[in-house]
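Residues 97 to 467 in this note's numbering are what the sequence shown lists, from first letter to last.
FYI, nobody ran anything at the bench for these hints, they're computed from the structure. Be careful, since some hints might not be right.
Said to hold, decoys possible - Taking CB as the label site, the calculated pair distances span:
| id | residue 1 | residue 2 | range |
| --- | --- | --- | --- |
| 1 | PHE344 | LEU452 | 27 to 35 Å |
| 2 | ILE363 | MET258 | 34 to 42 Å |
| 3 | GLY133 | PRO221 | 20 to 28 Å |
| 4 | LEU261 | THR321 | 40 to 48 Å |
| 5 | ARG293 | HIS131 | 43 to 51 Å |
Just so we're clear, the structure is a prediction, and the values are computed from it rather than from any experiment. Note that beta-carbon positions come from the ideal geometry of N, C-alpha and C, so glycine has one too.
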Amino acid sequence: MGRGLNLSFLVLLIANFFFFLNFSQLMLLPKFIVHLGLGPADIGLIMGMFSISVLIALPFVGTVSEKTDKKKVFIFGTLLMFGATPMYVYVQTLGAYILVLRVIQGVGFSCALGVTAAMVFEIVPDSSRRYLLGVLTVFNISTHAIGPAFGEYIIRTAGFDMFFLTAGCFGFVAFFCGFFLPRVSICEEKKAFALSRAFPHITATAVLGIVFGSAVIFLPPYLMTTGIPDSSLFFVAFVCGSLVVWIFLYKVFHGIGERAAWIVSVILLLMLPSGVSGLNSLAMLVLLSGLFGVGYGYLYPTLNTLFIDDIYPGMRGLSSSLFVWSFNLGMLLASFGFGHMSGTFGYQLSFAITALAGIVLLLFTTRLIRN
97 MGRGLNLSFL VLLIANFFFF LNFSQLMLLP KFIVHLGLGP ADIGLIMGMF
147 SISVLIALPF VGTVSEKTDK KKVFIFGTLL MFGATPMYVY VQTLGAYILV
197 LRVIQGVGFS CALGVTAAMV FEIVPDSSRR YLLGVLTVFN ISTHAIGPAF
247 GEYIIRTAGF DMFFLTAGCF GFVAFFCGFF LPRVSICEEK KAFALSRAFP
297 HITATAVLGI VFGSAVIFLP PYLMTTGIPD SSLFFVAFVC GSLVVWIFLY
347 KVFHGIGERA AWIVSVILLL MLPSGVSGLN SLAMLVLLSG LFGVGYGYLY
397 PTLNTLFIDD IYPGMRGLSS SLFVWSFNLG MLLASFGFGH MSGTFGYQLS
447 FAITALAGIV LLLFTTRLIR N
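Assemble the whole structure, with the sequences as input and the hints as a guide.
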């Protein structure tokens, strides 16, 4: 197989694809929360519980993944994710039950995604790592269009109960595929943690999580207030933009240099939150969402690669978990912060503040490249 592709990577690709179909369909959970009669702050709390559990679980996942087979960690994560999904049919209002479900799925997400990048680095050739991690990322991102679009259709035609059941079925396929993954070696090299070295990576990734989380969590309910009830166009355009990066623009970005590629990607990413007030047509929604996808599609796997290469070169499971931890720290801040901001100041001003926060991403990514 070309460019470092092998059967083990393809199995991982398929398992991750169905895992993220389960996960991405639940991106429409805010619509279910609105359906229950709850508001933006409740959306932030419920979605934020997921991120809190991810943040708590990931350090343990990273440590465990250095001592045991990463395949087992991945399988356990998919089990928690798909097993909890159908249980949402019993949710009636805001309470401990739905929060516990989010915690269970947050732990499952930590286990599965926390070891994925490390597994890629250990089953593909060195020369293909960044590119194939980008391919894996694009496959995962593609579910952000398929899952919500399919979910919107299921909600319209069969209701929320069937919506949660189908999402759980996708997760079960990932769980099944996990048994065919290769055993991944346990790391023997141990290195000390250097916070000063990791700080720029953590900060840049957290801000990326803030911008991404604000868009995927709160843009769908915002669109409902503008008379656009179906948010699937946002997800489809977002995915198409991410696909463009690794199918058509990868050589272009590589050719203009790392620094310029990062700056362009950050600018494209921030055009969506800064232009929300101009979303007065479907054409503008598609354009800004596509540019958002191009920026995110390049930045996410590139930052992930830097984490694994720069911070813990001999401890990939821990490095991969720290990257996911940093990204979900940003998601958590977006869930709670944006939820309260939008309840107080409205959606448009909150998105504008998010765009301003993205300037920090530009500063720190520039520092990473300089270093």
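Practice task
Just pull the numbers of the violated hints for me, sorted ascending.
Solution key: 3, 4
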